[in-house]
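Chemist: The chain contents come next:
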Amino acid sequence: DTGVSQDPRHKITKRGQNVTFRCDPISEHNRLYWYRQTLGQGPEFLTYFQNEAQLEKSRLLSDRFSAERPKGSFSTLEIQRTEQGDSAMYLCASSLGGNGNQPQHFGDGTRLSIL
Amino acid sequence: AQSVTQPDIHITVSEGASLELRCNYSYGATPYLFWYVQSPGQGLQLLLKYFSGDTLVQGIKGFEAEFKRSQSSFNLRKPSVHWSDAAEYFCAVGPTGGGNKLTFGTGTQLKVEL
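For the protein sequence lines, the chains are W and C, in the order given. Under the working numbering, the first residue of the first sequence carries the number 1, and numbering increases by one thereafter. Under the working numbering, the first residue of the second sequence carries the number 1, and numbering increases by one thereafter.
It should be emphasised that the hints constitute simulated quantities derived from the structure, not laboratory data. Among the clues, some could well be false.
Distance ranges between label pairs, derived from CB positions [stated by the list, open to error]:
| id | chain 1 | residue 1 | chain 2 | residue 2 | range |
| --- | --- | --- | --- | --- | --- |
| 1 | W | R64 | C | R69 | 40 to 50 Å |
| 2 | C | T55 | W | R15 | 45 to 55 Å |
| 3 | C | L114 | W | G72 | 44 to 54 Å |
| 4 | C | T55 | W | E78 | 40 to 50 Å |
| 5 | C | I11 | W | R15 | 29 to 39 Å |
One-sided and incomplete, this derived list gives chain W residues near chain C with beta-carbon spacing under 7 Å [stated by the list, open to error]:
| id | residue |
| --- | --- |
| 6 | P8 |
| 7 | H10 |
| 8 | P43 |
| 9 | Y48 |
| 10 | E56 |
| 11 | E78 |
| 12 | L91 |
| 13 | P103 |
Take a look, some chain C residues computed to stay more than 10 Å from chain W by CB distance [claimed, not checked]:
| id | residue |
| --- | --- |
| 14 | Y25 |
| 15 | E64 |
| 16 | E66 |
| 17 | S73 |
| 18 | K101 |
| 19 | T103 |
We treat Cβ as the ideally placed atom computed from N, Cα and C, and that holds for glycine.
Taking the hints into account, I'd like the entire structure generated from these sequences.
Modeler: Encoded structure:
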């Protein structure tokens, strides 16, 4: 169990640029989740995958955001035309399947700063 | 919709003192409940979880939590705090029967005085 890995750890970009983050889940986990955490707040759910299928998306996930998990392993989260309000920590988590009784394991996150 | 309230934004305790962090939830049925801890610049580490059964659950690092259905609470406790426990603590609720998203509280920042 090598844990959930996220890359990069930090990303600084100018407003209007596109950014992409990667998440590698724990290898045997078929569920993968993305959350966003702003300063002083708890993580907020963005989307989740079961294998390669994206099963739920939050209303927070505007059309500038897109997530993929093409082979049911790693996932990418892309933000197009970044805005100041996108500055946050983006957290990835993974879990085994089930009826919700499998805990989610989190990576260390990608901190995005928009200049 | 499910929600979680952590009424204490900041708590300061002396090393060796006992600790209780409060968590109240709103959910239509008995939810799955979790406590996570986050150190600065890091992700979240699971401390403990409640799914069913015994309402007092034990976790890592000497933490425990008690589920009280009548009060819709899931408070986190530790009998003797160590300086290394200083961090932010998040309570979360997950839906039963088809788990996907977790709903988190806003967190409680714990400071430990030596």
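Chemist: Confirm or reject each hint.
Modeler: Verification of the supplied hints:
1. W:R64 with C:R69: 40 to 50 Å: holds (41 Å)
2. C:T55 with W:R15: 45 to 55 Å: Cβ of T55 of chain C to Cβ of R15 of chain W: about 49 Å, so the range 45 to 55 Å holds.
3. C:L114 with W:G72: 44 to 54 Å: holds (48 Å)
4. C:T55 with W:E78: 40 to 50 Å: holds (43 Å)
5. C:I11 with W:R15: 29 to 39 Å: Since I11 of chain C and R15 of chain W have Cβ atoms about 37 Å apart, the given range 29 to 39 Å holds.
6. P8: Since the shortest Cβ distance to chain C is 13 Å, the answer is violated.
7. H10: Since chain C brings no Cβ nearer than about 9 Å to H10 of chain W, farther than 7 Å, the hint is violated.
8. P43: holds (5 Å)
9. Y48: holds (5 Å)
10. E56: holds (5 Å)
11. E78: For E78 of chain W, the interface hint is violated, since the closest Cβ of chain C sits about 20 Å away, which is over 7 Å.
12. L91: With Cβ-Cβ at 6 Å, under 7 Å, it holds.
13. P103: Holds. Min distance 5 Å.
14. Y25: holds (13 Å)
15. E64: holds (16 Å)
16. E66: E66 of chain C is indeed farther than 10 Å from all Cβ atoms of chain W, at 18 Å.
17. S73: Per Cβ check, S73 of chain C is outside 10 Å of chain W; nearest 17 Å; holds.
18. K101: Per Cβ check, K101 of chain C is inside 10 Å of chain W; nearest 4 Å; violated.
19. T103: violated (7 Å)
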